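Participant: Counting in the numbering used here, the sequence shown runs from 344 upward without gaps.
Think of the hints as simulated: they come from the structure by calculation, not from any bench.
Treat the hints loosely; a few may be bogus.
Claimed, not checked - Straight-line distance between alpha carbons at most 20 Å, and here's what the computed EDC-like set of lysine to aspartate or glutamate pairs gives:
#1 Lys-418 <-> Glu-347
#2 Lys-381 <-> Glu-362
#3 Lys-381 <-> Glu-369
#4 Lys-432 <-> Asp-504
#5 Lys-381 <-> Glu-347
Claimed, not checked - Across the chosen pairs, the derived CB separations fall in these ranges:
#6 Val-364 <-> Ala-399: 21 to 27 Å
#7 Tyr-400 <-> Leu-346: 16 to 22 Å
#8 Glu-369 <-> Leu-493: 46 to 52 Å
#9 Asn-385 <-> Ile-421: 21 to 27 Å
#10 Thr-371 <-> Gly-435: 58 to 64 Å
#11 Asp-373 <-> Asn-434: 35 to 41 Å
Values in this document were obtained by computation on a predicted structure and should not be read as measured data.
Virtual Cβ for every residue (Gly too), placed ideally from N, Cα, C.
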Amino acid sequence: MLLEYIRNTDFTARYGGEEFVIILPETTSDQAYVVAEKVRNNMNAYEFTFDKKELAYITVSIGYATFPDDADEPKALIRKADPGLYMAKENGRNRVSKYYYRGEGTEGALPDGIKTSLSDPYLTSIKELAKAIDSKSFYMRGHSFEVAALSITVGREFELDDTQPR
């Protein structure tokens, strides 16, 4: 069925229990998104019949990454598409999500000045809560620290200091 939605130069294969890979040579990220949406929409509209009477519809979650923008070798490309797939599933399923580099996702990747600001003992419980929230989602890992880093950067840009209300 997937072959109906791809070009003759493309390649499709089963990758896992319910996972498939489609290789789209010489395809940009925007073009890959269009193909993925076409596959998702057409699969979602297809009527599956069971026992010649029951109709069923399926949802399709798709993650994708492109060469050479996201990775420069096949295994790395698949490793990069995987977080896109998990993001699609975590955000309600039946959607297409591109691989998105979010950085290290740990406090260790933050600049020293921001690490110092985050080491404030008053922020310890907030940091632990942020870690707990981040641990629930592969895609969101490190997001809270990135928001904190951005907030501190904005505060510095506006020349705010610790004496101003938080």
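Participant: Please go over all the hints and tell whether each is borne out by the structure.
Facilitator: Taking the hints in turn, this is what the structure says about them:
Annotation: proposed proximity of Lys-418 to Glu-347 is violated, straight-line Cα distance about 26 Å (limit 20 Å). The hinted pair formed by Lys-381 and Glu-362 meets the criterion: a straight-line CA distance of about 17 Å does not exceed 20 Å. Between Lys-381 and Glu-369 the alpha-carbon distance is near 18 Å, which keeps this suggested pair within the 20 Å criterion. Straight-line distance between C-alpha atoms of Lys-432 and Asp-504 comes to about 41 Å, which puts the hinted pair past the 20 Å bound.
Note on Lys-381 and Glu-347: the hinted pairing holds, with a Cα-Cα distance of about 10 Å set against a maximum of 20 Å. Remark: the range hint 21 to 27 Å for Val-364 to Ala-399 is upheld by a beta-carbon distance near 24 Å. A C-beta distance of roughly 20 Å is found between Tyr-400 and Leu-346, which places it inside the suggested range of 16 to 22 Å. For Glu-369 paired with Leu-493, a C-beta distance near 36 Å fails the hint of 46 to 52 Å.
Hint check: Asn-385 to Ile-421, Cβ distance near 23 Å, so the stated range 21 to 27 Å holds. Taken as a hint, the range 58 to 64 Å is violated for the pair Thr-371 and Gly-435, whose Cβ atoms sit roughly 26 Å apart. Checked against the hint of 35 to 41 Å, the pair Asp-373 and Asn-434 fails, with Cβ atoms roughly 20 Å apart.
In this structure, the hints that do not hold are numbers 1, 4, 8, 10 and 11, in rising order.
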